[in-house]
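Engineer: Sequence:
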Amino acid sequence: MRKEKDPTLVAVSQDVNELENIGYEQELTRSFSLISMIGFCFSILSCWAAISGTMTEAMENGGPAALVWGWLGVSIFSIFVAVSMAEICSSYPVSGGQYSWVLLMGKGTKWGHGLSYITGCIQLAGLLCMGSTALYMVGQFIEGMIVLNSDGESFAKQNWQTALICWAMCSVSLCINLFGNSLMKYLSASGLWVSLGGFTIITIVVLAVSPEKQSASFVFTEYINESGWDNLGMVIIMGILQSAYSMCCYDAPTHSKQSTVTIVFYLTSFSVRRVV
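Counting along the sequence shown from 1, when you hit position 108 you're at 108 in UniProt numbering, and nothing is skipped either side.
Cβ pair distances, simulated, as ranges: (1) Tyr223 x Trp160: 33 to 41 Å; (2) Val194 x Leu127: 18 to 26 Å; (3) Tyr223 x Ser90: 40 to 48 Å; (4) His113 x Leu72: 35 to 43 Å.
Keep in mind that the hints were calculated from the coordinates and are not lab data. C-beta: ideal position from N, C-alpha, C; glycine also.
Work out the full structure, taking the sequences as your base and the hints as a guide.
Structural biologist: So, in structure tokens, the structure goes:
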């Protein structure tokens, strides 16, 4: 009886051949499953955490109307970008992402290398900015919990304390990436349940303990401008920055493409939009 080939192994072999055709060699271990990659995407995006950590900016620049409608508008346009990126990624399955795509699509032209370098610089700047703001947000969350649990909420937090927490979290992340690479697939999978569980628990608790509930008209139509700008357009732009921040990093799966079992990656490209 003829034994059928494992479709997962066949897909991986095809992906390796695609890499070889564009001049890349498979070096990373393909250990990320569908659940691991979805968890990775949830952990990177974590829209609800980003919104909760930057809600003050949106409330001061447009109010609830900017928070609700701005987030929906940014999400719709983000889907267009994500779909385009998913199509390119299916043709160029390399972990470099955007700067590698620019280089490969500009191959044979005099502008290819230069545009790829510029794209890489922009990409690196974005990663540094997102990483630092995420760490700062975690530091604020931790210090907020310390204040709430202090006697009479009397603890006075200092900027240097926030910086130390950020450096501590950065050091832990660095050690995990350097010495715990084999644990990444498990940590990523657990990130899915931590993110979903945290969202569910916090939503229930906030609704349960809140002494006063706002009306629907306040949530969907209330406009607040405490930004200092008189120009409505400027206020709107400042307000949707918070929504745009929560939509960043949906390109995360592209940078783990060479660590993912190919047969699940195309599903993962869609799962990133599920987070939105």
